[in-house]
Amino acid sequence: MTGDIIHLFLLSLFMSLVTFGGGAQALFYQYGVVGNHWITNTDLTSVLAWGYATPGPAVFTTATFIGYHLGGIGGAVIGTIGIFILPFLGAIFAGRYLTQLLQNPHAEYFVRGVGLAAAGLVAATALGVIDYKNITLWQVIIMGTSCLVALRRKINPLIILIAGALLGLMF
Amino acid sequence: MPACYILDMQQEKVLAKRIVDYTYICKTFLKIGSLSFGGWSTTALLIEKEFVEQGILQANGLKTAATYAQILPGATQVILVSHVGYTLKGVRGALAATVSYLLPSVTLMTVFAMLYFHYLRAVNIQQHIGGLIAALVGIMLANAYNIGKKHTTVQAWWLLALAAFTARLLLKVDALTIIVVAGLGALLLSFIQKRRSAS
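Sequence lines, in order, name chains V and L. Once you know that position 115 of the first sequence is 115 in my numbering, the rest is easy, because the numbers rise by one and skip nothing. Once you know that position 194 of the second sequence is 194 in my numbering, the rest is easy, because the numbers rise by one and skip nothing.
Be a bit skeptical, because a hint or two may be false.
As the list claims (entries may be wrong) - The following label-pair restraints were derived from C-beta to C-beta distances:
no., chain 1, residue 1, chain 2, residue 2, range
1, L, 194, V, 81, 38 to 46 Å
2, V, 41, L, 171, 15 to 23 Å
3, V, 40, L, 197, 44 to 52 Å
4, V, 7, L, 19, 16 to 24 Å
5, V, 6, L, 23, 47 to 55 Å
6, V, 6, L, 149, 34 to 42 Å
7, V, 35, L, 19, 17 to 25 Å
8, L, 174, V, 74, 49 to 57 Å
Hints were generated in silico from the structure; no laboratory data involved. Nothing here was measured: the structure is a model prediction, and the numbers come from that model. By construction, the Cβ of each residue, glycine as well, lies at the ideal position given by its N, Cα and C atoms.
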């Protein structure tokens, strides 16, 4: 168990280093569900739904969730520190040391490439969590409507999730 | 996120206009952390309201933090909050701001994990939350589009997102490999374009 927590800590550090503006969902799926079998696909969808419905950095707190599963409150703390410590340090040191690097046009391209890859990965993760054997027409409609509403309206994701859950129970 | 948050690096003279104490930083970021639903732009708007409009932080301070948040890896909100905290009160200010900001979401997630692993997981909730998962997938797809839109306005670049999508979903390529290849590919393209424009 301790080994798993250390592994989670190191993976969280690593994941925080390779996510530029998004894409952490794909990495949690890759390393939490498929790679290490710490959580199941159902666990991931549940935690992401909860994350989107709560304030703060929704997706990243999945490390807290996995950490709790692996080692209780202590594991949750270690998972949380692992995923947030490097962005914290990066923000502090950025002003002193990174200004020149960030002005470099090549760095801008790199971030753009990684960001767009993250967009593709998030979409792939979204479609990857669907249970295709049991999906219904109503669920497809809820999916499409939720996507459109989230794109076109500045609406709290919690409301979309509650509406989706209620419609799902009704039909 | 309004375009005005894109930083002009030459203007970077980040100064806190008024001295605040740690209690104020903790209290305010706790409030911001409790209200930041729906992405990092909400956090930026709340910081603007609580610090810039109150005359505590110069607008450039927020712009700088927002720029770093968009460029540096990791949780965007945390970079934003940490940098603002650092601007206000150095390393301890960054720590106070970050911990206070994260406290609500991490507490809620820990409580959820406790309930989930002790009670909810035993029930096969997947059968009952099909609509919720469908809505989640819709939100994630919208999120994917917004991430891509944030990084480019040029349509041709979307091919990169499509390639990443295909590689992951259909070819089951490792997510990290895709990220690294995309980053290095874009870097290579940048060098090629620079060489072409030079010649």
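Beta-carbon spacing of residue 7 of chain V to residue 19 of chain L - inside the hinted bounds 16 to 24 Å or not:
Between residue 7 of chain V and residue 19 of chain L, where Cβ atoms are some 43 Å apart, the hint is violated.
Taking 44 to 52 Å as the stated bounds, is the beta-carbon spacing between residue 40 of chain V and residue 197 of chain L within them?
50 Å, holds
Supplied distance hint 17 to 25 Å, evaluated on CB atoms of residue 35 of chain V and residue 19 of chain L
Roughly 48 Å apart at Cβ, these two residues miss the hinted range, so it is violated.
Can you tell me whether the CB distance of residue 6 of chain V to residue 23 of chain L sits inside 47 to 55 Å?
With Cβ atoms ~36 Å apart, the hint is violated.
Verdict for residue 194 of chain L, residue 81 of chain V (Cβ pair) under range 38 to 46 Å:
39 Å, holds
Status of the given 34 to 42 Å range, CB of residue 149 of chain L versus CB of residue 6 of chain V
38 Å, holds
Do the Cβ positions of residue 41 of chain V and residue 171 of chain L conform to the proposed distance bound of 15 to 23 Å?
The hinted range 15 to 23 Å holds for residue 41 of chain V and residue 171 of chain L, with Cβ atoms some 19 Å apart.
Could you see if the CB distance from residue 174 of chain L to residue 74 of chain V stays within 49 to 57 Å?
Since residue 174 of chain L and residue 74 of chain V have Cβ atoms about 30 Å apart, the given range 49 to 57 Å is violated.
Taken one by one, the earlier hints fail for this structure at numbers 4, 5, 7 and 8, listed in ascending order.
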